[in-house]
Amino acid sequence: MYRIRFHGRGGQGMKTAGRILGTAFFLAGFEVQDAPRYGAERRGAPIFAYVRASRNPIFERGIISRPDLIIVADDHLPAMPGSGVLAGAGEQTVFLIYSNEEASLWQERLNLQGSVFTLPPLAENELRFRGAACAGGAAALLAELDVELLAEAVREEIDPLGSELVADNLEVALAAYAALAVNRGTVHEGGPVSAIDYASPDWLKLPCEETLLSAPAIHAPATSEMSQTGLWRSERPLIDESRCKRCWWICSTFCPDGAIQVDEERRPHIDYGHCKGCMVCLNQCPTHAITAVPEEEAAAQGEKP
Amino acid sequence: MSDTPYQHLRDLPAHHILGTGTPMCAGCGGLATLHQVYDILGEKCVIINAAGCMTLLSVYPCTPFHGSWLYTAMASAPAGAQGVRDGLDILKKKGRLSREEDLEVVVLTGDGSANGMGLSATSGAMDRNLDFLYLCYDNEGYGNTGQQYSAATPHAARTATSKGSLGYPGYKKDLFAIWAAHNPGYVATVVAAEPLDLARKIERARGLSGPRLILALAPCPTGWDFEPSASVEIGKLAVATGIWPLKEYVDGRVTHTKIPHPRLEVRDYLKAQGRFAHLFAPRENRKMIAEIQARVDRYWQKVD
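These protein sequence lines are chains A and B, in that order. Position 86, counted from 1, in the first sequence is what the numbering used here calls 626; the numbers after and before it change by one each time, with no gaps. Position 105, counted from 1, in the second sequence is what the numbering used here calls 498; the numbers after and before it change by one each time, with no gaps.
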């Protein structure tokens with residue numbers, strides 16, 4: 541059975557990618573499961589989608605803990621603990637990541653034992669078809685999925701979302717397929733997972749406590765600031781001090797997260813540890829003092845997050 | 394509004410007290426509302442949160458609040474508020490809580506709870522003249538679970554449960570009127586895109602007692618399908634097209650606090666959101682757009 545796990549952020553089309561790959565398998569005569577993991581649905585947050593495909597009936601359910609193929613749509617994800625990108629990766633696990641960096645660099649950085657590939661870069665206007673690129677790239681690594689099956693699956697899954705979207709998605713998916721086609725068949729089916737080796741953990745016996753003790757209580761204020769939501773961002777808003785009119789309230793009030801504070805000299809400061817990159821500030825600043833810079837570029841210029 | 398401390402935009406709070414790092418979506422119109430409201434209400438309140446997107450605000454050990462937060466089931470936030478209010482009153486009576494230490498009891502729910510399964514508990518709380526503030530972030534659907542339609546979903550909107558060329562067949566429930574019919578202390582509509590109007594209304598609600606509703610339109614990039622950066626523009630368009638009338642109810646009278654003049658066409662608002670895309674492609678559904686426009690026009694005719 542193939543066990544395949546897609547990782548991306550909400551909005552990057554991982555659910556669609558899983559569906560395209562699942563449908564391609566189905567068209568190839570496989571029994572298929574494809575499902576995104578239910579969670580709070582929101583943009584920017586780590587999203588998982590799972591595909592299982594087998595020639596035999598599938599009795600496994602739920603999350604995929606030992607994947608044969610991991611596809612990562614956003615190269616910021618491996619650094620986020622909550623994304624669980626590497627969970628269960630072993631010697632047989634093939635790793636496919638959308639990144640401008642070399643595959644060998646990712647292999648070393650993440651200490652991966654299996655093969656590592658990168659997806660070809662997309663143009664700025666193609667980024668919204670990232671899901672199709674991931675599905676296309678994944679299909680290329682699987683011996684049973686040829687280009688016709690992929691194309692049919694893309695048509696079948698994208699058409700209900702808008703027939704005008706089919707051509708662009710198809711182009712991106714096929715380009716990703718073509719770029720990775722030399723590696724066809726790299727991914728191998730994993731063996732059956734059996735419960736026979738299951739060892740029950742050393743359960744701890746916890747006695748019942750008084751409600752006042754056992755009910756969770758948070759005693760410090762605003763502890764949410766421990767969560768670094770700045771990691772969600774793909775672009776960084778930068779304030780051009782020379783154009784800022786020190787109005788002090790516009791960007792600061794409209795920032796949905798309250799991540800822009802104003803100092804006594806009426807100078808706004810963006811808290812990059814928590815700015816999610818929504819760019820409401822950029823759109824609202826009347827003097828256009830705020831610009832969006834790709835996160836990599838900002839980091840390369842030494843702008844500390 | 395001559396008595397408000399919020400005369401000009403520069404009077405708005407410069408310091409924001411709601412903690413950052415919450416898991417709300419980038420560009421969330423509900424969070425934008427909450428952080429503006431919290432700046433005015435201050436730290437001295439207890440939040441009673443019904444199930445919804447904002448349940449995720451306080452997930453142990455993280456909270457963006459400086460004070461207490463209580464989670465209730467979807468239908469029972471006003472009942473939770475009753476318990477908290479009673480508890481505070483008992484402490485006051487016993488001399489264990491001074492007047493200065495008293496807290497504002499604030500119910501926080503989405504439109505699903507406010508218009509649907511929580512409405513009975515809300516109506517009951519109004520029967521009992523419970524002294525509480527109800528903040529509803531109305532993103533016109535069950536956003537936390539993937540934007541299924543709610544009783545607050547507008548006519549023709551596409552949701553996860555109203556797909557197809559016609560969208561949602563029902564009409565948005567008039568929660569403002571339902572509340573006003575109970576003759577409560579205060580009812581107001583707000584939107585984070587109009588922060589001065591919002592600040593004045595929160596300040597006014599704070600000075601009143603009894604049941605008080607702040608009904609906030611909460612543009613939702615995820616559920617309404619628009620770029621997060623357009624969150625404020627969408628809110629402004631909702632006001633400018635007359636789709637979201639800014640108004641308040643006090644002492645049996647409804648006053649409109651910002652009358653858009655001239656009103657923009659509703660299509661400007663509809664076209665900016667993916668959830669109405671089926672009204673414009675593959676072919677423009679003129680009839681339905683005209684119907685939505687006519688409903689808005691009829692509303693404002695009554696106001697004028």
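No lab work stands behind these hints: they were computed from the structure. Just to be clear, a hint being listed does not mean it is correct.
Beyond 10 Å from chain A on every Cβ pair, some chain B residues (computed) [to be verified]: (1) Ala425; (2) Val477; (3) Ser558; (4) Arg656; (5) Asp690.
To be clear about the criterion: a stretch of chain B counts as covered by chain A if any three or more of its residues have a C-beta under 8 Å from a C-beta of chain A, and this derived list gives those stretches [to be verified]: (6) 397-405; (7) 409-422; (8) 452-458; (9) 541-547.
As the structure is a computational prediction, the values presented were derived from the model and not from experiment. From the three backbone atoms N, C-alpha and C, an ideal C-beta is built for every residue, glycine too.
For each hint, the structure was consulted:
no.: 1; hint: Ala425; in the structure: violated (4 Å)
no.: 2; hint: Val477; in the structure: holds (15 Å)
no.: 3; hint: Ser558; in the structure: holds (12 Å)
no.: 4; hint: Arg656; in the structure: holds (22 Å)
no.: 5; hint: Asp690; in the structure: holds (29 Å)
no.: 6; hint: 397-405; in the structure: holds (count 3)
no.: 7; hint: 409-422; in the structure: holds (count 14)
no.: 8; hint: 452-458; in the structure: holds (count 6)
no.: 9; hint: 541-547; in the structure: violated (count 0)
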